[in-house]
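Enquirer: Mind assembling these two chains? They're in different frames, but the hints should get you there.
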Amino acid sequence: MTTAPEAIIGEYKWGFYDPEEALFKANKGLSREIVNIISDMKGEPQWMREFRLRALEIFWQKQDPPWGSPQLKEINFDDIHYYVKATDRDERSWDDVPEYIRRTFDRLGIPEAERKYLAGVGAQYDSEVVYHNIREDLEKQGVIFLGTDQALKEHEDIFKEYFGTVVPPADNRYAALNSAVWSGGSFIYVPKGVKVEIPLQAYFRINTQNMGQFERTLIIADEGSQVHYVEGCTAPIYRSDSLHSAVVEIIVKRGARVRYTTIQNWSTNVYNLVTKRAVAYQDAVMEWVDGNLGSKLTMKYPSVYLMEPGAHGEILSLAFAGKGQHQDAGGKIVHAASNTTSTIISKSLSKDGGRTSYRGLLKVYEGCENVKSTVRCDALLLDEESRSDTYPTMEIDAPDVHIQHEAYVSKLGEDQLFYLMSRGLSEEAAAKMIVNGFVEPIVKELPMEYAVELNRLIELQMEGAVG
Amino acid sequence: MTSTTEERVRIAAAARALGEQLGDPAWLARLRAEAATLADELDWPDSYQSRPWKYYDARSIDLARYPVEQDESIGVEADDAITVTTHGFAEGATAERLAQRLGTAVAPGSDRFTALHYALLREAVIIDVPANGEPSTPVRIRRSVSGAQLTTPHTVIVTGPNSRVTVVEEYASDDAEILAVPVAEIFPGPGSEVRYYVVHRWGPATRSFGYQRMLGAERDAAFQNLQLVLSGRVVKGQMESSLIGRGTASELLGLAYGRGEEYVDFYTLQDHIGPDTRSDLLYKAALRDSARSVYYGLTRVGVEAKNADANQENRNLLLSKTARADSDPVLEILTSNVIRASHGATAGPVDEEQLFYLQTRGIPRPVAEGMLVWAFLEEGIGRVPEDGLREELLGLLEAKVRGS
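If you read the protein sequences in the order shown, they are chains G and D. Sequence positions in the first sequence follow my numbering and run 1 to 467. Sequence positions in the second sequence follow my numbering and run 1001 to 1404.
Okay, chain D solo, but in the shape it has when bound (with noise of 0.2 Å):
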């Protein structure tokens, strides 16, 4: 199903009148008008011809309904040592860092959603970080977002060689219908080390569908990468990993606790394309009530990436009668120079042997559950590095587990 000419003129307009409004220098201009052109061509990505889009039938979104303008409020706090623009399309060194990065890892014709979102783009968080530059605190960016709209929110992360940054970032909505489309770009230089923590916490109407990639060009560079999902209608989002660079090295972790109807639906890539890479991933989600999680992964070992290690674990526990759980973990090894290339998935309930051993042990039988949903969940943000930020995390975490 094309789009309606009425979405067509919408879209187009939109996107030149926000061009106008923000004074978009020419690269930006450019990059628009494609995305919105590329907008009104594409359909919404195909249930039964794209794999990632199985669960999910894109073709039930009313574009309609989601104003362009924008309501959205962006906090960020960082150290001196980096620089962080947040309205980038200004002027500058930033500016030009931009021009050349954005859209660049994510590219506008991805599909429908990510051409949605470079031609409505209004704001780009940077954090441009300096050769051997350490920050002492992380980087923190809350967006909040209020009132029904079509939000699309941009991040990149450029580093140095040999630099360390983390940056946990924050998504937050309210009651309103919105459809969010939040994109990152991460390009992490040679030896650098990048953590980006995401938080979800979005509103009970609010659909995202997000769109990752960290682009590992450089020799030996390090992503660990948390998508922690606490609320949302539908949290939906597309993860990669293009491990190009001799050496370099991906963690992508998930977590979802969802309840209600909350729906979770994660597409992870870890892309194996040069020599030495390793990969990991663990993607947990624990669901109440008729929530329901999708997971979709691929690992993909190239001809070229000799020696590659690439883990993939997919868990779920099914807390209700009417949860439910899909999983496909895929593996395409096109080489056997391969160290390990491995997957597992499991799903299931609480395990009746943890629960009997903790209730000899005196402790009664919900509170037992309630410790195993827990060390569960632990897992996955207890790979977080930093104490002081595990232990926030895990704070949120157990505000959520508790609340339900």
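For reference, chain G alone in the conformation it holds in the complex (with noise of 0.2 Å):
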């Protein structure tokens, strides 16, 4: 079956498209066959399809938040695959890759990549995991770096142990809706004390036309171990809405220590309404590093419940918003224990009529004593049609605490610009460098790869923002 799409081609960096070819593709629409389908296609255990057609159960029922973006009502979930399988196989070598997904991957840069930093790759191309690679030497330690459906087939114990637990299927209408139709995704279980040095990566991508994708990832640290993930996102343009609805849930056991960095950079169609959520326990450090670039709506707040004394979380967002774009994005900290810090710190720029909004949440429950937290969100909107918007919710239930939260939105300054531009500097660039060091503290804490990319893809989106 080979179709060729209508595309636009030009407008965006990675919107270039393949014909789809793919081996089964659901029909639209979502019932219970469907997900009895994806169930049976899967070779799921009982369970599994128990828990799908119970969260269908629970999606029907929920309805979006009212606080959340009236563009979510544009979504017509009629209209969407929710199942696409793009290849019969696992793949474990390049080479073996089907050509046209390598040509993709190719061009996404993503072999180069891997020679120089990839310990492992785990690149979803439509819906399900198609090439895996993981260093040997992280096999011999015991860490499992899967597709989330494969974890599910060689791990089902302590598959089922953690799966669902972090974020219930009830917990928002998207979770529910992920926990249907789940596909894809990764899984990575670190064992007792293994320290992973290198970052694990995970492409993803959205091919098919009009097609959902929601993978699931699941991530359990044990006890004094420590990993780091990286999850890029690009996506080819279509003419037509695509809906990305992924669940990730996180344990991060007792001492050890997790980073999560997601770099966002669907094409602007698709909705990317995602649930992240992390419980870290005793001495336990969770960070998430989010940058949200594409798409055009983002509703994803990554939270870290602490449960333990000592535990430590912390969120580092950034956000751009451009044209026609709504990035509605910020962090939830949870301290559910005593001696439990955490940090937030939220950047986000606006242009050409972008709306950006940080959306946060710091709870701290009854009881728990010596409890730190800052929060700090700053907002540089680069033109007067744009919109910055700070939504920082605090409940904060005991008394012995320490709590801060600071915002401040401004636009360019004309007295920076001046001063640079008496340097010599074109206006141009004196507006890039502002831009750059209002989002260095978030930058610097990606991978060196990322932190080029994303420099260039914030310069891509600055072009033209003077003058």
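A hint or two may mislead.
[As the list claims (entries may be wrong)] Taking lysine to aspartate or glutamate pairs in the EDC-like style, the calculated list, with each CA pair at most 16 Å apart, reads: (1) G:K444 <-> G:E314; (2) G:K411 <-> D:E1332; (3) D:K1321 <-> G:D397; (4) D:K1306 <-> G:D383.
Please keep in mind that the hints were generated in silico from the structure rather than gathered at the bench.
Expert: Next up, the structure:
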């Protein structure tokens, strides 16, 4: 089956496409039948089928939150493919990956990146993980890094123990949807005391027109272990809208440390509605580094539940909204134990009528002592049409806490521009420099190649910002 | 949940009877009838759908417990330079001005509380300051409510060009079950200055749901407001400043000292609509026992509000293990042409380092703590410019702090 979808090429950097060559594509629309087909195709155990069907019922009952973007109403759930299987096998070696998929990845620079940095690649092309490669030493250490579907087959015990415990299907409407039709994603288990030195990476990519992507990622860092997972997203641009609704669950056990880095650059017709949550136990550290540049509408609030004393949560969030984009991003920290600390730093940029919203929650439960938290949100507006919002909710039910929140919204400073231009910089170069300085606290936390790519993406977005 | 048939009949009948008893002029009869209909049709604000009601479920209010017959005493002291009318539904130029203004800043249809307010309105205090008027002493309004009832105090402040006025309003009630829905509407004239200080001394079974809006339609007006909450079972308020005229400014101050089961809940709106507008806000709460403070404030800078300067701060001092504070200072900025838009929020106990410092100076710990709590609270009232008034307000606060 080969059909050439209508594509707009040239406006969007990664906007190339491949003719669709999916082996199986479910009919559009959502029903118990589709969910059963997905479960059959995957040959899943009965408990997972029941989990999916239960989640579907919850999805049908749930409504969008009242504070959600009005754009949510534009999503037509009947006009979406809920399952596409690109190829039959999970590939281990690069040479075995089908030609047209390799072509797409080549253009995203994956093989090169892998030679340089990657410990393993789980690249999601459409709904299945098609390529996997874990460095041998990781395998020897007992680290499991698989596609989520494969992990369910090969490690059902550990999978069942944690799956759906951090983000239950009833958490919100889109978590319920994901729970019903999830496919693909990454599964990582790091055994006790193992430190994975090199970031683990996966690329996600939507290809089939109108296809929703519902990947499900589950990361378990056992006691004293350490891992950095990097997720980057690009999607080709199509005329009709796509939905991306992922769920990410992370368990950070005693003394462990997990960092999860995302650079989201979906094309500007994608609705990106993602639930990401981590639980951190005693002396554990969880860090979210979350960059949102693409998509039409993103609603994503990575959260950390600090469950035991000594746990620390950190969220670094960067959002850039251009024309027609709404980045509704932020973070949530829940202090459910004494002696816990957290930091949220958010930087947002709006341009050409784009809208960025920081939406957060900071909650301290009753009985928690010696809690410290700092939330800082800065927004930079690059022109008069753009918009920035800050919605930081704080619920403090305990006295022995130090909570600080600050937010500052400003425009590109004329004084700063003038100073730089008096030093001989062009207006455009000066503006880029100011923006680079503004986002620097986030960018410096990224792995080298991502920092470079992010700077390049911001520069691209900045072009024509001045004058 | 819509209102029960019983409630409906009661509100409509009470509104009609009240109108006849007071001899409503035609415009007021119309307003009252409309409000009564709205009070029937509207539901209580929904905690899920309406953000300012997130932490207070109004559906817990049983209207049947509050008779609409009112027993309220109003005392007003004012300089001769201004006109103050209490039962303003009467006659003359002031009545005309009232007819033009009443219900235009805080609309009957805002929610079910405001609808009830206008349906059951008995009196309004109108403070009418002429052009260039500058009364030598503050206008004082003392309202005291006794016995179980639903009370609807209303205050209108209208100022002429380049005038200045200070109004101090005090609400008090006895131990009875009282539902209060006070409304204040403020219309500053061009270049005028309005200072409006409100003291809440409600009784232990009073639930107050107040609405205040400064409609800054004229140029270069300045508004300063203080909400000093000293007591009340529930004190919830919605304080809005609409900054429309060029150069108009608003300073909103709030100060609450909560103890026992007291619940203080404020929603504020700093709405920058016109150019060169300024706003500042400082809401503070010190909480003992199981007292609870909720703050939700919105700073909105509209597309036409060039050179807006907005600041918003919420500070909470938690003095017991069971006290709690919820804070949500929100910014919505629709133009980049702002001078400043910032906010901050903090919550925590008395600072240990400051305590330690005072102790090294020989001050016993409980005394040191008292000093720091006092310093925290003093900051808000410290912004009141008139010396005498500032001392008076500090005195009221001190009495409350000492009493606990």
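Enquirer: Indicate, hint by hint, whether the structure satisfies it.
Expert: Hint check:
| no. | hint | result |
| --- | --- | --- |
| 1 | G:K444 <-> G:E314 | holds, 15 Å |
| 2 | G:K411 <-> D:E1332 | holds, 14 Å |
| 3 | D:K1321 <-> G:D397 | holds, 8 Å |
| 4 | D:K1306 <-> G:D383 | holds, 12 Å |
Violation of the numbered hints given earlier is absent; every hint is satisfied by the structure.
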